[in-house]
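Engineer: Please construct the entire structure, taking both the sequences and the accompanying hints into account.
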Amino acid sequence: MFSLTALPDGFHENPYPAYAALREDTPVCPQSDGSVILSRYEDLDLVYRDTARFISDKKAVFGPKYGVESPLYEHHTTSLVFNDPPPAHPRPEGDGWGDEPACLGADGARFDPACR
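Numbering (the numbering used here), first residue to last: -7 to 108.
It is worth saying that the hints were derived from the structure and are not from the lab.
One or more hints might be untrue.
Derived EDC-like pairs: lysine to aspartate or glutamate, alpha-carbon spacing no greater than 16 Å straight-line [claimed, not checked]:
1) Lys51 to Asp35
2) Lys50 to Glu66
3) Lys50 to Asp35
4) Lys57 to Glu5
5) Lys51 to Glu66
Structural biologist: Set out below in C-alpha coordinates:
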(Lines of atoms letter the chains of each structure in order from A and count residues from 1; the text may use other names and numbers.)
(Lines give C-alpha, C1' and ligand atoms only; values in the text may rest on other atoms or scores of the structure.)
Protein backbone atom coordinates (compact mmCIF):
# COMPACT_ATOMS: atom_id res chain seq x y z
CA MET A 1 0.00 0.00 0.00
CA PHE A 2 1.18 3.54 -0.75
CA SER A 3 2.51 5.45 2.26
CA LEU A 4 3.71 9.02 2.51
CA THR A 5 6.24 7.86 5.10
CA ALA A 6 7.77 5.24 2.76
CA LEU A 7 7.63 6.62 -0.76
CA PRO A 8 8.39 4.21 -3.59
CA ASP A 9 11.79 4.34 -5.29
CA GLY A 10 11.90 7.03 -7.94
CA PHE A 11 8.86 8.87 -6.58
CA HIS A 12 10.59 12.25 -6.35
CA GLU A 13 11.93 11.98 -9.88
CA ASN A 14 8.60 10.84 -11.38
CA PRO A 15 5.57 10.56 -9.07
CA TYR A 16 3.04 9.98 -11.87
CA PRO A 17 3.22 6.16 -11.99
CA ALA A 18 2.52 6.08 -8.24
CA TYR A 19 -0.38 8.50 -8.69
CA ALA A 20 -1.82 6.37 -11.50
CA ALA A 21 -1.51 3.23 -9.37
CA LEU A 22 -3.27 4.98 -6.48
CA ARG A 23 -6.15 6.03 -8.71
CA GLU A 24 -6.48 2.54 -10.17
CA ASP A 25 -5.79 0.28 -7.16
CA THR A 26 -6.40 2.28 -3.97
CA PRO A 27 -8.27 5.51 -4.73
CA VAL A 28 -9.06 5.89 -1.01
CA CYS A 29 -5.74 5.04 0.63
CA PRO A 30 -5.61 4.99 4.47
CA GLN A 31 -2.35 6.12 6.08
CA SER A 32 -0.81 4.90 9.34
CA ASP A 33 -1.51 8.24 11.08
CA GLY A 34 -5.26 7.94 10.45
CA SER A 35 -5.33 10.28 7.45
CA VAL A 36 -6.52 9.22 4.02
CA ILE A 37 -5.14 9.99 0.56
CA LEU A 38 -7.80 10.53 -2.08
CA SER A 39 -6.59 10.25 -5.66
CA ARG A 40 -9.71 10.34 -7.84
CA TYR A 41 -11.24 13.62 -8.95
CA GLU A 42 -14.76 12.45 -8.12
CA ASP A 43 -13.80 11.68 -4.51
CA LEU A 44 -11.93 14.95 -4.06
CA ASP A 45 -14.81 16.92 -5.57
CA LEU A 46 -17.26 15.29 -3.15
CA VAL A 47 -15.04 16.05 -0.13
CA TYR A 48 -14.44 19.67 -1.11
CA ARG A 49 -18.15 20.30 -1.66
CA ASP A 50 -19.55 18.42 1.35
CA THR A 51 -18.75 20.83 4.17
CA ALA A 52 -21.27 19.14 6.48
CA ARG A 53 -19.23 15.91 6.65
CA PHE A 54 -15.70 17.10 5.92
CA ILE A 55 -13.74 19.88 7.63
CA SER A 56 -11.67 22.41 5.72
CA ASP A 57 -10.75 24.61 8.67
CA LYS A 58 -6.99 24.09 8.89
CA LYS A 59 -6.80 26.06 12.13
CA ALA A 60 -9.18 23.60 13.81
CA VAL A 61 -7.19 20.64 12.50
CA PHE A 62 -3.59 21.85 12.84
CA GLY A 63 -3.97 23.71 16.16
CA PRO A 64 -4.42 20.56 18.23
CA LYS A 65 -1.90 18.66 16.10
CA TYR A 66 1.02 21.14 16.12
CA GLY A 67 0.07 23.71 18.80
CA VAL A 68 -1.08 27.20 17.84
CA GLU A 69 2.30 28.76 18.67
CA SER A 70 4.38 26.37 16.54
CA PRO A 71 6.02 27.29 13.21
CA LEU A 72 4.24 24.33 11.58
CA TYR A 73 0.84 25.69 12.64
CA GLU A 74 1.72 29.09 11.20
CA HIS A 75 3.01 27.53 7.98
CA HIS A 76 -0.05 25.35 7.46
CA THR A 77 -2.55 28.12 8.23
CA THR A 78 -0.98 31.19 6.62
CA SER A 79 1.27 30.14 3.74
CA LEU A 80 -1.40 29.49 1.13
CA VAL A 81 -4.08 31.72 -0.36
CA PHE A 82 -6.86 29.17 0.08
CA ASN A 83 -6.67 28.61 3.84
CA ASP A 84 -9.69 30.82 4.45
CA PRO A 85 -12.90 30.61 2.46
CA PRO A 86 -14.05 33.57 0.35
CA PRO A 87 -14.36 36.45 0.87
CA ALA A 88 -11.41 36.36 3.30
CA HIS A 89 -9.02 35.62 0.43
CA PRO A 90 -8.99 37.02 -3.09
CA ARG A 91 -9.39 34.83 -6.12
CA PRO A 92 -6.05 34.10 -7.82
CA GLU A 93 -5.26 36.59 -10.54
CA GLY A 94 -2.18 37.49 -12.50
CA ASP A 95 -0.42 37.05 -15.77
CA GLY A 96 0.89 33.55 -15.03
CA TRP A 97 4.42 34.74 -14.32
CA GLY A 98 4.56 34.41 -10.55
CA ASP A 99 2.82 37.55 -9.39
CA GLU A 100 -0.51 35.83 -8.77
CA PRO A 101 -1.51 35.29 -5.12
CA ALA A 102 -1.37 31.49 -5.57
CA CYS A 103 2.44 31.77 -5.86
CA LEU A 104 2.91 34.02 -2.85
CA GLY A 105 2.99 33.33 0.86
CA ALA A 106 1.15 35.47 3.41
CA ASP A 107 4.19 37.78 3.65
CA GLY A 108 4.26 38.30 -0.13
CA ALA A 109 7.37 36.15 -0.60
CA ARG A 110 7.35 33.40 -3.19
CA PHE A 111 6.98 30.01 -1.54
CA ASP A 112 7.03 27.84 -4.64
CA PRO A 113 10.28 27.76 -6.64
CA ALA A 114 8.27 26.65 -9.68
CA CYS A 115 6.59 30.05 -9.76
CA ARG A 116 8.47 32.37 -12.07
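Engineer: Which constraints among the numbered hints does this structure fail? Numbers only, ascending.
Structural biologist: 1, 3 and 4
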